[in-house]
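Given next are the chains, with one letter for each unit.
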Amino acid sequence: MSERVVELEVLRYNPETDSEPHFQRYSVSCEEEWVVLDALNKIKETIDPTLSYRWSCHMAVCGSCGMMVNGEPKLACKAFLRTFDGVIRVEPLAHFPIERDLVTVIDDFVMKLKRVKPYLIPKQDKPVSEGEYLQTPAELKKYKQYTLCINCMLCYAACPEYGLIPNYIGPAAIALAHRYNQDSRDGGRDERQEEIAATEGVWDCSFVGACSEVCPEHVDPAGAIQQVKIKSMVDWYKEHLMPWVKK
Amino acid sequence: METVRADVAIIGAGGAGLRAAIALAEADPKLRVALISKVYPMRSHTCAAEGGAAGVIKSDDSLEHHFNDTVGGGDWLCDQDAVEYLVQEAPKELIQLEHWGCPWSREPNGSVAVRPFGGMKKQRTWFAADKSGFHILHTLFQTSLRFPSIERYDEYYATDLIVDDGRCQGFTAIEMRSGQMKRFQAGAVIIAGGGAGRMFPFTTNGAIKTGDGMALAYRAGVPLKDMEFVQYHPTGLPNTGTLLTEACRGEGGILVNKNGRRFLQDYGMGPETPLGKPVFKTMELGPRDRVSQAFWHEQKKGNMLPTKWGDCMLLDMRHLGEKTINERLPLVRDVTTSYLGVDPVTDPVPVRPVVHYMMGGIHTDIRAATPLAGLFAAGECACVSINGANRLGSNSLTELLVFGRRAGLSAAEYVRSARPGNDAALEAKATAAQARIRSLFEKTGGKESTAGLRKEMMATMEQNAGIYRDANGLSEACTKLGELRHRYAEVELNDKTNVYNTDLLQALELGSMLDCAEAVTVSALARTESRGAHQRLDFVERNDTKFLRHSLAFHHPAQPPRVDYCDVVITTSQPGVRDYSGDHK
Amino acid sequence: MSRRPYVREIPKFRWFFRQPRYLRYMARELSCLFIGAYALMMVWGSKQLADGPATWGAFLERLHSPSSIAFHVLALGFALYHTITWFNLTPKALPVQVGGEFVPDGVIVGAHYVGWGLLSLAVLYFAGAF
Chain E
0 MSERVVELEV
10 LRYNPETDSE
20 PHFQRYSVSC
30 EEEWVVLDAL
40 NKIKETIDPT
50 LSYRWSCHMA
60 VCGSCGMMVN
70 GEPKLACKAF
80 LRTFDGVIRV
90 EPLAHFPIER
100 DLVTVIDDFV
110 MKLKRVKPYL
120 IPKQDKPVSE
130 GEYLQTPAEL
140 KKYKQYTLCI
150 NCMLCYAACP
160 EYGLIPNYIG
170 PAAIALAHRY
180 NQDSRDGGRD
190 ERQEEIAATE
200 GVWDCSFVGA
210 CSEVCPEHVD
220 PAGAIQQVKI
230 KSMVDWYKEH
240 LMPWVKK
Chain V
0 METVRADVAI
10 IGAGGAGLRA
20 AIALAEADPK
30 LRVALISKVY
40 PMRSHTCAAE
50 GGAAGVIKSD
60 DSLEHHFNDT
70 VGGGDWLCDQ
80 DAVEYLVQEA
90 PKELIQLEHW
100 GCPWSREPNG
110 SVAVRPFGGM
120 KKQRTWFAAD
130 KSGFHILHTL
140 FQTSLRFPSI
150 ERYDEYYATD
160 LIVDDGRCQG
170 FTAIEMRSGQ
180 MKRFQAGAVI
190 IAGGGAGRMF
200 PFTTNGAIKT
210 GDGMALAYRA
220 GVPLKDMEFV
230 QYHPTGLPNT
240 GTLLTEACRG
250 EGGILVNKNG
260 RRFLQDYGMG
270 PETPLGKPVF
280 KTMELGPRDR
290 VSQAFWHEQK
300 KGNMLPTKWG
310 DCMLLDMRHL
320 GEKTINERLP
330 LVRDVTTSYL
340 GVDPVTDPVP
350 VRPVVHYMMG
360 GIHTDIRAAT
370 PLAGLFAAGE
380 CACVSINGAN
390 RLGSNSLTEL
400 LVFGRRAGLS
410 AAEYVRSARP
420 GNDAALEAKA
430 TAAQARIRSL
440 FEKTGGKEST
450 AGLRKEMMAT
460 MEQNAGIYRD
470 ANGLSEACTK
480 LGELRHRYAE
490 VELNDKTNVY
500 NTDLLQALEL
510 GSMLDCAEAV
520 TVSALARTES
530 RGAHQRLDFV
540 ERNDTKFLRH
550 SLAFHHPAQP
560 PRVDYCDVVI
570 TTSQPGVRDY
580 SGDHK
Chain Y
0 MSRRPYVREI
10 PKFRWFFRQP
20 RYLRYMAREL
30 SCLFIGAYAL
40 MMVWGSKQLA
50 DGPATWGAFL
60 ERLHSPSSIA
70 FHVLALGFAL
80 YHTITWFNLT
90 PKALPVQVGG
100 EFVPDGVIVG
110 AHYVGWGLLS
120 LAVLYFAGAF
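Protein chains in written order, with numbering that gives the first Met the number 0: chain E, 0 to 246; chain V, 0 to 584; chain Y, 0 to 129.
I should point out that these hints are in silico values taken from the structure, not numbers from a laboratory.
Backbone N, C-alpha and C fix where the C-beta goes; we use that ideal spot for every residue, glycine too.
Check before you lean on any hint, since a few could be wrong.
[What the hints assert, rightly or not] Result set (BS3-like, lysine-lysine): computed pairs, CA atoms no more than 27 Å apart in a straight line:
| no. | chain 1 | residue 1 | chain 2 | residue 2 |
| --- | --- | --- | --- | --- |
| 1 | E | K41 | V | K479 |
| 2 | E | K125 | V | K57 |
| 3 | V | K442 | E | K43 |
| 4 | Y | K91 | V | K322 |
| 5 | V | K442 | E | K41 |
| 6 | V | K446 | E | K43 |
| 7 | V | K428 | V | K495 |
| 8 | E | K125 | E | K141 |
| 9 | V | K91 | E | K122 |
| 10 | E | K230 | Y | K91 |
| 11 | E | K77 | Y | K91 |
| 12 | V | K91 | V | K57 |
| 13 | E | K41 | V | K446 |
| 14 | V | K57 | V | K120 |
| 15 | E | K143 | V | K91 |
[Claimed, not checked] Just some of the chain E residues that point at chain V, by a computed CB distance under 8 Å:
| no. | residue |
| --- | --- |
| 16 | E44 |
| 17 | P48 |
| 18 | T49 |
| 19 | V102 |
| 20 | K113 |
| 21 | P117 |
| 22 | Y118 |
[Claimed, not checked] Anything over 10 Å on all C-beta distances counts as not near chain E; from chain V, calculated:
| no. | residue |
| --- | --- |
| 23 | D60 |
| 24 | K276 |
| 25 | D469 |
| 26 | P556 |
Use the sequences and the hints to build the structure in full.
What follows is the structure, given as structure tokens:
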């Protein structure tokens with residue numbers, strides 16, 4: 000197996016001993032096919048057990064290991080070493096407070112996710128004994144892409160609006176609200192509009208599009224946000240210019 | 000110590016824990032539910048399950064078929080009353096998930112689609128492409144946000160159950176972000192902490208699957224049942240161990256050796272079935288234990304493809320075509336392409352068996368109750384047992400739903416009559432637990448490292464407790480694990496700070512894994528027969544007279560576990576021959 | 000309590016230099032200045048036209064100055080940049096599902112270019128170019 004020595008520059012911060020974050024350099028021998036996460040694991044096992052970061056599945060589905068790799072938000076388990084030359088700089092996800100080393104505080108996202116009511120609010124209730132709601136493959140496809148969000152928050156780290164306007168609900172949460180709005184079984188759009196059609200919702204987005212560019216699951220939150228904007232605009236016109244038309 | 004009071008506290012917020020929490024919230028909105036997990040719920044390993052969840056839904060299928068497949072698949076070590084309950088509740092649970100928004104794949108008419116799976120006689124595996132576990136987990140997590148009575152404690156690591164007055168009344172847990180220990184006081188506790196696959200070096204399991212829930216119950220005196228049964232999934236990526244779902248074969252993928260022969264036909268799973276037209280319960284749709292064992296034999300014969308990651312068989316899906324692969328197996332294509340550089344559309348994928356699932360776990364009954372009053376368990380960490388000696392693919396997602404709910408309902412019923420606890424006594428026990436953790440920080444001059452011991456544990460498990468086992472290897476493993484248990488006391492933390500101390504976390508996780516590993520090897524050594532996933536080279540036959548029984552491993556703080564047995568519940572299906580040859584009909 | 004989460008400051012004005020994609024975005028946003036200026040110039044030009052042939056002639060004369068030509072080139076460049084980047088984003092905002100499948104992005108983007116072409120032709124037609 001071909002190995003090479005990889006240089007990593009990792010942002011370290013321990014609130015108990017450091018006044019502010021600083022970079023620490025590690026050289027570690029890695030296999031050619033490894034990802035950044037493998038390198039971090041090897042550092043933790045063989046060089047520095049104090050290095051802290053989150054990870055679990057190593058297959059880009061649990062969403063734990065989002066970090067900035069050379070300034071770009073990435074899942075460490077899908078950032079292949081072979082795609083980088085020279086020193087690889089690893090930092091915690093941008094726009095989130097640093098708890099410790101590469102671990103960020105994500106309370107803000109978790110609270111916002113809850114606010115947008117990301118669960119099915121059925122059009123009409125149906126007891127389990129009556130079986131499933133019918134949903135054609137076409138109806139499924141209409142929202143399927145937005146169900147793929149793994150909550151890794153790379154999109155928040157990429158979004159300059161979120162960095163500048165911390166109250167902005169942000170890409171993933173809006174995409175998940177949109178996911179339920181688009182679901183043929185759902186009737187909860189009005190409830191979600193209160194959160195996502197507000198200033199702190201879609202109107203804080205100026206369509207940079209970075210969220211969709213970095214999304215490891217190709218969810219396209221930017222698309223979801225623009226679609227919510229268009230629908231909200233139609234709502235507004237209907238309400239103010241054509242009050243006789245029912246929504 | 001800060002005390003969090005709840006009516007029911009749940010340890011683990013994966014599929015089973017979330018399902019239990021929702022069941023509690025629906026059963027009685029006034030019950031305060033504390034849901035704690037060492038990770039955020041959406042990071043739980045349920046998300047990595049791919050293929051689907053089994054539940055009878057189509058008209059050509061029956062509960063009896065599902066029952067028989069499960070019991071036979073488990074080599075008759077399943078408790079049949081529990082399996083009856085599972086198959087009967089399964090469709091309801093899967094429809095319930097559908098009502099909560101789970102994006103199940105659909106038939107053209109809008110009804111849910113099902114796919115074939117290994118060891119199943121009919122198509123009954125509900126799926127959401129090949130991210131079924133992911134969608135189940137997120138549907139449950141998002142649905143749980145509806146319920147104000149569920150209070151989440153994300154990134155809390157439970158260290159000790161608090162048992163007083165003969166019943167479990169809570170636990171202590173470390174808040175990772177502050178390093179503070181808190182006492183959770185609850186009328187009932189549900190453990191849903193997942194499996195322990197990380198005790199092996201080559202596993203599909205994520206880093207978090209370190210058997211913490213099992214170890215908590217075990218140390219509190221609850222036996223671990225059937226721990227010798229460790230499932231190898233036949234198709235893992237050879238380098239990373241990443242799972243390639245059984246649905247690859249359910250959709251029509253085939254397994255060949257280096258000569259291109261579909262070798263499963265040589266191991267009682269033949270004759271060969273037509274390419275791309277899988278036949279239920281034979282060839283590539285054989286059960287996981289048999290397929291993994293066939294690999295082992297072929298490897299011994301030198302028929303496997305040598306790669307830099309070891310010998311591999313080939314999983315060939317090319318004949319499925321790009322459209323089917325993209326629609327039904329997108330994740331598989333993504334992981335093989337990115338991690339291995341092999342596109343299943345154009346090339347066969349080298350794969351090898353990989354540790355995947357613990358059939359064994361915390362001894363529970365059909366109500367998800369453990370022998371310790373006030374303690375319930377569900378999901379992979381529990382052993383009801385519906386999986387017996389070998390779990391059929393797509394039964395585990397169903398199990399975590401059915402028994403997650405059951406655990407919630409049982410706990411709700413239990414706390415209705417639970418007496419209030421003795422605060423002073425509980426506080427004293429929590430303080431003792433805190434002192435144990437504190438001592439880890441104060442230890443100096445320790446000679447051992449977490450990473451070093453972990454490596455040795457993994458090596459001995461891989462070496463001696465794999466697909467085939469014998470007395471020599473297992474004895475060696477038992478001795479080694481006993482030695483590691485002693486050396487574990489010599490581990491000194493490198494990191495003695497409080498905030499998000501993953502050095503501490505990993506040391507505690509290693510302790511859990513060592514306990515589980517010893518239960519595995521000691522139980523395996525004691526079971527001198529071959530059954531399901533437990534294959535002994537020195538005892539090749541199944542021995543129903545002696546071993547149609549569940550093993551129970553009891554913890555001892557300073558010695559190897561004591562192994563006892565309890566009877567298997569048989570209702571309608573007497574032990575028979577597991578026949579996966581296609582021509583028997 | 001030993002927690003002390005560290006908040007990294009975002010530079011309020013220089014943030015868009017952190018990433019090439021932010022710069023591309025700012026260029027798109029910046030294009031509005033040139034497009035706006037061009038529109039103002041058109042309004043001003045209309046007024047000159049209304050004021051009579053002499054002022055109109057002087058206005059046209061000024062358009063020939065090197066600085067005016069530079070401005071036009073820049074404005075045209077930004078207008079094109081804006082149009083192309085914006086059109087490329089339209090499939091996100093306006094996905095079209097026909098039957099089960101989504102219409103490919105290229106078709107939606109292409110339809111915008113076709114629409115643009117047709118509108119331009121119509122304008123030229125009414126301006127008497129043909």
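Taking 27 Å as the top limit, are the C-alpha atoms of E:K41 and V:K479 close enough?
Since the Cα atoms of E:K41 and V:K479 sit roughly 24 Å apart, the hinted pair holds (cutoff 27 Å).
Mind checking the CB of E:E44 against every CB in chain V and telling me if the closest is under 8 Å?
holds (4 Å)
Pair hint V:K428 and V:K495, alpha-carbon separation not exceeding 27 Å:
Distance ~23 Å between V:K428 and V:K495 Cα, so the pair holds.
Are the Cα positions of E:K77 and Y:K91 separated by 27 Å at most?
holds (25 Å)
With a cut-off of 27 Å on the C-alpha distance, tell me whether V:K91 and E:K122 pass.
The hint holds at about 20 Å.
Starting from E:K143, check that the Cα of V:K91 is at most 27 Å away, please.
It holds: about 23 Å lies between the C-alpha atoms, which stays within 27 Å.
Check whether the Cα positions of E:K41 and V:K446 lie no farther apart than 27 Å.
Between E:K41 and V:K446 the Cα gap is close to 20 Å, so the pair holds against 27 Å.
Under the criterion of a CB-CB separation shorter than 8 Å, is E:V102 in contact with chain V as hinted?
holds (5 Å)
Between the alpha carbons of E:K125 and E:K141, is the straight-line distance 27 Å or under?
Given that 27 Å is the threshold and the Cα spacing comes to 22 Å, the pair holds.
A closest beta-carbon separation below 8 Å is what the hint needs, so does E:K113 meet it against chain V?
holds (5 Å)
Any Cβ of chain E at or closer than 10 Å to V:P556, or is the non-interface label fine?
Non-interface label on V:P556 holds, nearest chain E Cβ at 26 Å vs cutoff 10 Å.
Would you check the hint for E:K125 and V:K57, treating anything up to 27 Å between C-alpha atoms as holding?
Holds, at roughly 20 Å.
Going down the numbered hints, you'll see the structure goes against none, and every one checks out.
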